[in-house]
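Let the hints inform the model, and build the full structure from the sequences given.
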Amino acid sequence: MQTASSAIQRLRNAVLGTRSAVDQPVKLATRAQLREAAHLAQRALGLKSAPRHVIMELAVCHKGSGEEVPTVWPSNTYLAEKVGVCERTITNALMDLIDEGLIIRRDSANQKRFKRIGADGKMIIYGFDLSPLLRRQEEFERIVAEIEAAKLEQKRLRAVIGGDRRRVKNALEWLAMHSLANTDELAARFGTLSQRTPVRATKDGLKPELANEWAVLAEDAERLLAMIDVTEFKLVETPGATAFFAPEFSTNDGENFRHKEPESDLSIENCLEQEVPRESQPAKRSDDEIDLKLVLEACPSVTDYPEPIRSAYDLVAAGSYLRPSTTASADAWASSVAAIGAPLTAVAIIFAYQRLNDDASSGTSRIQSQGGFTQSILRGVASGKINIRTELAALRRKHMQ
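Going letter by letter, the sequence shown gives residues 1 to 401 in the UniProt record's numbering.
It is worth saying that the hints were derived from the structure and are not from the lab.
Because the structure is a prediction, the values reported are computed rather than measured.
The beta carbon of each residue, even a glycine, is placed where N, CA and C say it ideally should be.
Possibly wrong hints are sitting among the right ones.
[What the hints assert, rightly or not] With a straight-line cut-off of 30 Å between C-alpha atoms, the simulated BS3-like cross-links for lysine-lysine are: (1) 293 x 155; (2) 207 x 155; (3) 63 x 48; (4) 203 x 169.
[Said to hold, decoys possible] Computed Cβ-Cβ distance ranges for the label pairs, DEER-style: (5) 314 x 338: 19 to 27 Å; (6) 202 x 116: 50 to 58 Å; (7) 81 x 116: 53 to 61 Å; (8) 122 x 31: 48 to 56 Å; (9) 194 x 88: 41 to 49 Å.
Shown next as structure tokens:
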């Protein structure tokens with residue numbers, strides 16, 4: 001007697017295994033119902049490419065012509081042509097589907113698949129029983145719902161972490177440019193968490209613990225930001241409004257601040273001898289002192305900043321927030337801060353932002369380069385060619401007309 005090949009032996013073992021299972025009859029199913037169940041099985045079990053295509057082809061082969069159970073009998077050659085793979089791949093895919101419990105093999109004694117009418121007039125079908133798809137449909141629906149819920153949770157975590165990361169970054173940038181506060185520890189934590197946070201979706205996904213760590217870091221950064229003394233901006237009261245001018249930074253002796261010593265070897269006597277007389281000192285430019293009420297009335301678009309603006313600190317924060325919308329670079333902001341101070345830079349950015357909005361709303365589109373226009377405003381204010389107070393007053397009159 002001829003010895004059977006290993007492939008045939010595997011098929012026979014699969015037949016014996018599936019036939020030993022308890023067959024639970026199911027109601028007659030249509031082709032659409034089987035396709036829906038097969039699609040759910042694909043998503044729930046994460047089937048590979050070949051089994052995924054084969055299970056859909058088996059569902060499509062069902063004619064729904066009155067069989068007691070949904071049984072199909074396509075040959076491996078037919079499935080290989082439909083799926084576009086070799087017959088060996090089809091054999092392996094069918095074995096995977098049997099192992100997953102999605103189909104039951106019901107071959108004839110000589111391992112063939114066909115349909116015939118028996119001696120008693122009853123129809124006999126040898127092939128693949130697809131009833132497990134229908135019996136497990138509720139299970140697949142539950143698993144798919146859990147998968148979708150997990151995806152939504154990952155999306156939420158990524159949005160939360162992204163928001164907290166921006167909060168930390170904005171706070172650190174503001175502190176680095178406008179304060180002497182020591183942010184080394186916060187920057188180190190920011191770098192560590194950034195390395196631990198995957199840029200793209202991974203198999204393990206984002207953990208809630210990581211989101212909690214980002215939230216704590218954002219709170220710590222904003223707490224340090226709130227501790228910075230707003231009086232550094234030297235607020236002064238003017239009739240009917242609050243005015244401010246560029247800060248005169250001084251050294252701080254707190255635990256969280258660096259103390260910078262002057263890099264000079266001049267003695268006190270030499271300093272006294274070289275002191276410039278007060279009357280010879282240049283007079284302060286008139287646009288160094290800005291009326292906060294004037295800025296708010298002249299630039300109503302500043303309300304795009306989501307927080308209320310009640311002080312110089314809020315105005316600087318608004319200017320930093322609106323700067324990307326003008327396409328001005330961070331280097332341009334830093335250079336302007338070094339030249340004219342943070343408050344005046346913020347006012348110039350807000351003024352440029354309002355002019356850009358007015359140009360867009362008018363429909364003329366006369367400003368071709370937003371970034372170039374904003375940088376020209378910053379350079380003009382720094383050089384004294386643009387009096388920002390005069391420009392704001394003119395812009396306020398234009399908006400009141």
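TODO: Measure nothing beyond the straight line between the CA atoms of residue 63 and residue 48; if it is 30 Å or shorter, mark the hint as holding.
DONE: Holds - the C-alpha atoms of residue 48 and residue 63 are around 26 Å apart, at most 30 Å.
For this session: Could you say whether the range 41 to 49 Å given as a hint is met by the Cβ separation of residue 194 and residue 88?
Result: Hint holds: Cβ distance 47 Å, inside 41 to 49 Å.
query = Between residue 203 and residue 169, does the CA-CA distance stay at or below 30 Å?
reply = Distance of about 27 Å is within 30 Å: holds.
ask   = Are residue 122 and residue 31 spaced within 48 to 56 Å by their CB atoms?
value = Violated - the Cβ-Cβ distance for residue 122 and residue 31, about 23 Å, lies outside 48 to 56 Å.
* Asked: Taking only the CA atoms, is the gap from residue 293 to residue 155 under or equal to 30 Å?
  -> This hinted pair is violated, its Cα atoms lying about 41 Å apart.
Proposed proximity, residue 155 with residue 207 (alpha carbon, max 30 Å) = holds (12 Å)
Original post:
Does the hinted range 50 to 58 Å hold for residue 202 and residue 116 at CB?
Top reply: This hint holds: roughly 53 Å between Cβ atoms.
* Asked: Using the C-beta atoms of residue 314 and residue 338, is the stated range 19 to 27 Å upheld?
  -> Once the Cβ atoms are compared, 22 Å apart, the range 19 to 27 Å for residue 338 and residue 314 holds.
(Q) Taking 53 to 61 Å as the stated bounds, is the beta-carbon spacing between residue 81 and residue 116 within them? (A) Violated, since residue 81 and residue 116 (Cβ atoms, about 24 Å apart) do not stay within the stated range.
Checked against the numbered hints given earlier, the structure breaks hints 1, 7 and 8 and satisfies all the rest.
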